[in-house]
Amino acid sequence: MGFSGWRILREGLTGNRGWRPHWRDPAPKSSYDTVIIGGGGHGLATAYYLAREHGLTDVAVLEKGYLGGGNVGRNTTIVRANYNLPGNSEFYSHSLKLWEGLEQDLNFNAMMSQRGVLNLFHSDGQRDYAARRGNSMINQGDDAVLLDREGVRRMVPYLDFDQGRFPIYGGLFHPRGGTARHDAVAWGYARGADRRGVDLIQNCAVTGIDIEGGRVTGVQTTRGAIRARRVGIVVAGRSSQVAAMAGMRLPIESHILQAFVTEGLKPVIDHVVTFGMGHFYISQSDKGGLVFGGDLDFHASYAARGNLPMAEHVMEAAMTLMPVIGKARVLRSWGGIMDMSPDGSPIIDRTEVEGLYLNCGWCYGGFKAVPGSGFSFAHLIATGRPHEPAARFRLDRFATGRGLMDEEGTGAQHNLH
Amino acid sequence: MRIEGRGRVDRGTPLRFRFDGREMEGFGGDTLASALMGAGVGVVGRSFKYHRPRGVLTDGSAEPNALVTIGDEPNIRATMQPLFHGLQAVSQNRWPSLGFDLMAVNDLAAPFLGAGFYYKTFMWPQRFWERLYEPMIRRAAGLGALSGKPPEEHYETAFAFCDLLVIGAGPAGLMAALTAAQAGAEVILCDEDAAPGGRLLAEVEDVGGVAGHLWAAGMAERLRGLGVRVMPRTTVTGAYDQGTYGALEQVVPAGVHPGGAPRECFWRIAARRAVLCTGALERPIAFRDNDRPGVMLAGALRAYVNRWGVAPGRRVAVFGNNDDAHRTARDAAAAGLKVVALVDSRPDAVNLAGDVPFMPGWQVTQAIGRGGLRAIRLAGPGGRGRMLEVDGLGVSGGWNPSVHLTSHMGARPVWDPGLAAFVPSEAAVPGMSVAGSARGRMGTAACLRDGAERGVEAAGELGLRASMPDLPEAGDDLLRLRALWAVPGKGRAWVDFQNDVTVKDVRQAASEGYGTVEHMKRYTTQGMATDQGKSSNVVALALLAQATGRDIPGTGTTTFRPPFVPVSIAAMGAGGRGKRFAPERRTTTDALSRAMGAPMIEAGLWYRSAYFPREGETTWRQACDREVRMVRQTVGVCEVSTLGKIAVSGPEAGRFLDLVYTNTMSTLAEGRVRYGLMLREDGHVMDDGTVSRLSAHDFLLTTTTAAAGQVMRHLDFVQQAYAPRMALRLVSVTEHWAQFAVAGPLARGVVDGLLDAPMGDLPFMGCRAVTVGGVGARLFRISFSGELGFEIAVPARYGESLFRALLGRAEALGGGAYGLEALNVLRIEKGFLTHAEMHGRVTAFDLGMHRMIAPGKDCIGKALASRPGLVAEDREMLVGLWVAGDRAPLAGAHLFAEGASPVSENDQGYVTSACWSPTLEQWLALGFLKNGRARQGERLRMVDHLRRLDVACNVAEAVAFDPDGGRMRG
Amino acid sequence: MVDLIASDPWAGLLPVQAGAARLEAVDPGPLALLAPWPRAEEAMNAALRAAHGPGFPAPGRIETSGAARAIWFGRGQALLAGVVPDPSLRAHGLVEDQSDGWVVARLTGDGALDVLARLVPVDLRRLGPKGVVRTMLGHMNVAILGTSGGVEILAFRSMAGTLAHEIADAMRAVAGRAALG
Amino acid sequence: MRIDCPLCGARDRREFSVLGDAAMAVRPEVGADTQTWSDWLHLRDNTAGRLRELWYHEGGCAAWLVVERDTVSHAVHGVSLVGASDAD
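Chains as they are written, first to last, in the numbering used here: chain A, 10 to 426; chain B, 772 to 1741; chain C, 46 to 226; chain D, 234 to 321.
Because the hints were derived from the structure by calculation, they are not lab data.
Yeah, the Cβ is synthetic: ideal placement off N, Cα and C, and Gly gets one too.
Mixed in with the good hints, there may be bad ones.
[What the hints assert, rightly or not] Heads up, incomplete: computed chain A residues facing chain B, CB under 10 Å, no partners named:
1. ASN116
2. ASP133
3. ARG238
4. VAL277
5. MET286
6. TYR290
7. VAL333
8. LEU404
9. PHE407
10. GLY418
Extracted from the complex, chain A is given alone in its bound form:
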């Protein structure tokens, strides 16, 4: 069933009785060519691109809960390609291009809105690094504009330019960045994959990975054994546990990242704005809620909930940067479980088990990566060769020290990001 304004009109005039499920609810078959473990944004996108780009449709996505129930459903919806280092730079650039045609590709309105991402800086040193990053973005073919204080003031006059603790020196603006409706991304990919023949199987937890002679042969699940020639693990938040089923230890720690949304308000914030002196980023959703977040709680956690000190810290950043939102009220907070890698950058790679592929370590940047991650992971699984824009997301970079991607410069080891 194709979606369009006409379709809505027709259904509206006939009592909305013609709508059909956006995806089937199939029982798992006993065997697939390829099994993707994880029905989140990345897993669904992987399945979609396996079918669309590589013609692989004998594919099942196994989801232990409901589709899109992980981090794709609990984030701050920011999309951007404003990285500095080789590896991240080309990958996110590719991902952003996929975002730009996503709705038409999926026939599903994910409300991608390129309202621009503004990163503020508050010292000469921060400006120099912002410039370096902006130049990397342009080198990569993406867009960036360096604004001085007055330029920032013209764009976002509601910031506190005078009383805040850290003065605003300027900002790096990324016009093509923006936001998207997070759930819709998962649903759009799910519907697209389903329409191409992929089986999306919910309430199906993987309990074991079958390996014979160094080769993956299938998975054990709560809904029975499933044979597969190829298995992709893409389960942010449970990566270590699933990898352990294949005898692997990963360079991953699981951490909690909180986010917040306020009651609906008439438009006040048009861009995505980030604060350079504290982890704080904010945008306003189409429904009017201010959506914002901050840094990790910093302690390892599998509980999708945060604690007050970080929540308060985020609110404090809001109050020093843009006290005009002081009387907005926080309606809901939530937490996502982040796969934190040592250098803050992801992993898309083969494993030592033939036919077993790994996609993890997206830290707190996974949402914007969804299209690119799915595309590159599908390429790796289908062809056995890394997709060029993701070729640096190697698992062995920590052991060799080659190609570490520590964007923040806080250290290529755990708990420093």
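Assemble the complex: chain A is given as a structure, and chains B, C and D must be docked to it using the hints.
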């Protein structure tokens, strides 16, 4: 409409207020909602999507409809807003007026705006989304508007501690608090209302022989006497780990200027135990147009009649599926209202309301009256139908225990089929128990008993001996009910009032495959409005269960996340207002430097002088160039107290330092200073600095300003974890010492003249204890400028005085003060490093310092610094860059081979620091270049797209000036 | 010989009076950090007693003898206040002058605990005159010492301005609440 | 969240910073090969359940602590000082 002789408002205190400009009158004790109802106002707001006119639905914080703007605060619940004289409230989400809202056209288009319609359209043509559709949607969406100004009032956060936190001051909460307090526990009792009593405030019911609300007020007094901290207007918003609770106190209502007091306070309460006594929230029944103004929850209608003496009209009906609805009919009739019908969907129900028309087995099928309820349509047994004229309808679909806080830590409530509601699971929040109707004990007597029992239990867990108190006599009505979620029939029936989610929307979501509760909620937006689904979640879940052919527990549960009620950013973030986000650190010469006209710039938490302008200088460059030349030619003085200073003392201090620095420190001679490099365990550079050996056992480390905190944490870790047996201890002495660099060819004279005894032949990289004016001081011969340099440290109280003395002497010799800008130029000329270069991703190898990793010993980071990727030839290495011509190089520019196009594949490196060198009369830069050490002399292209720079530069040694270091050694 | 003049870290910021609370500067005299080396704790304790009177304090405690106060200051650390540390102590651990590193303010009056409840995440109601806590005030590391009639707050000298400002702010808010009645 | 510091008593989360898995408290033998070091620094069991972690009472007594904490429930099961037998 006011009901004479009813309610507990203070009729002796009339209060004038305005709503949308119209002046009205209410009374002391009114809420804005009750005052509006008393003044005959039926329509108080508009719904989110269809802009349907709405009246008050509830009498509490779950209100989805009656949201107004008061002063500069949007989205104030009229049901929670105390009335005061002069209050001005304005309705929201309508244009041009509440009565005539153009956006109500959406309601006519409702067949096309069902669940998830926007996911299926607005995609063509592609560019129209951002240019047309989305801006349109954004303007239409949202509720109230922010004022565009920062809050004028003070907000605060605070901490409180107790043995037992009792959440809710209804019958259960009061008894729990009493029991525990009598046993000697320290108790905090919070309630969102200004008065204690909870549901008793809304009832006509005796407790212990007196009216319930009076009994509650008496209890609160008694509790205060027992030392209980009673916190009215304080809503517990979240349950967090280890007994931490968040709570929002409304100190003064919206619209009242609090003077010096805060408007709100966000409390963090640490409680050893807690009892949740939050009662229950009534839920509606869905039927056609059940959102008409005048249709409200039955318990709310009863509260308006009993507590505030108001009603939506004189002719009312009550529609319920349970016994409690009968009380509303009874009380309404007792108050003199005309009760047209008590409609009970249960055919076998028995009238408990007395002399009112009773219609068992009937259901209300439609509410009629767009701008205010005029009539209801009913369907009865055997297909009979009726229509009744009414101007108020109370609806009760049953009561949901307020389990919200029990799910904040991940636990899910469990389905109680008898109540047709969710009740808390056991031990949902460690240390918290639940009492009263919050766990499904619905009658007043049951609540009193349950509260007391939970109080005894909590006291026991606290190690106190409590005994059951005498329970006051009270009624104990059972809540008998038979579930009814939606009345069958045509038309739209509302589930989520604010977000305009109807029964059809829930069913459509199910038919489109969004059959899990999370999918349904996200697809329809049910439960996402400002009430967070307090009145709609269970109904929606039940409808979803029906639509998907499952039972309710098999369909899912409702979960809630903090906060229980919305919390203003100003309250929770009060600690960050203005400059409070981070402490300010001021050096000893801060005031003096400002007085000298020096602009101050942030360096971490510190403020440092950028430069010291002199007359005639109009740009920072002029001052900076002069200060650089001054240091190179005569002498300059600069405060460097912000660098971290750490004392390490003990017989094994040297051994310890060997572990944390790449180079060997244990061999350092007394009275000597050595440059040191510190790695992180991942083999990258953490920081650099100097190590001075003051005596056999005493070392003094310096760190960069930026990394001082990180290094201290790291050293504490290494000492406590890796060297707990070594005889040494360490402490930061940054704050004790004020330190000044004195640099330039004439530096010796400036310093020597101040010392009580001449320094003699203090060698380069030497240090010693000295006295200045009889004050113990430390003198180091080190240089970050490349000139003959000293740093002299005195106890901080003398810092400003010493600075003045140094300046006096320097100025006499043609020198003076210099700031951070000149300091930066001086060090770039010398190729010395700051965190512009040590940016976290560089190795000692990149800096050309790999030989500083001493081969004969272990150190932090050594093993992993040897990974092949960290010592590869193609790594970006530190180089100097000389730019010809008059274009300034820019830090942040990238490097390319000459003739190569400036794109990622050709990227060869980047610039980290750049300056005009007045010494060399040359633009200089430092940067990192692939295999840079092997590329000396190569000509490169330096490109900064952002600032349109594209210049040629030559690769050089990082040290541009005085490469042999003769000047600083001399 | 140059004559160095001591400057006042509070520079006119104190005293502050608001409602029932008062904040004023305190001159604590000499301050020195003592940190015995591992396995030298007992020797340090004995040397401290011999030289100045007080023993090395247990966690959270203050030992007082004459002008000398030994204030527990963290893991394996004490701050010796009021006397210049005897050189004999140096045989057993680190001894560092901190006289100018910390500023001390005294908060007194009926509202003092209410004021601190706005700023400090620790229950100070039972902090007796021999008690000390290491904690935070706002975002600053502090030590809070119980005294009769109030508390003494130790903070970094460079943060004296922020400390005075934060406490004064909270004092005014507490007084403002009291004024609401 | 509150952590029971052995020296200071129960304190709010905001006074602490955290370094993660307590494996970091014991470095590999000097001379161990790079792979051993890399595994030590990078690979984690990342336990969903009881985990021994390193915490620093940075806003308090400056003690480094080993905290045994459940990463699913956040329950704290024990706290001790790093290097306790020797340092205090």
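Outcome of the hint check:
1. ASN116: holds, 7 Å
2. ASP133: This interface hint holds because 8 Å falls under the 10 Å limit.
3. ARG238: violated, 29 Å
4. VAL277: Status holds, d = 5 Å.
5. MET286: holds, 8 Å
6. TYR290: violated, 14 Å
7. VAL333: Nearest chain B Cβ about 6 Å off; hint holds.
8. LEU404: For LEU404 of chain A, the interface hint is violated, since the closest Cβ of chain B sits about 14 Å away, which is over 10 Å.
9. PHE407: holds, 9 Å
10. GLY418: With Cβ-Cβ at 3 Å, under 10 Å, it holds.
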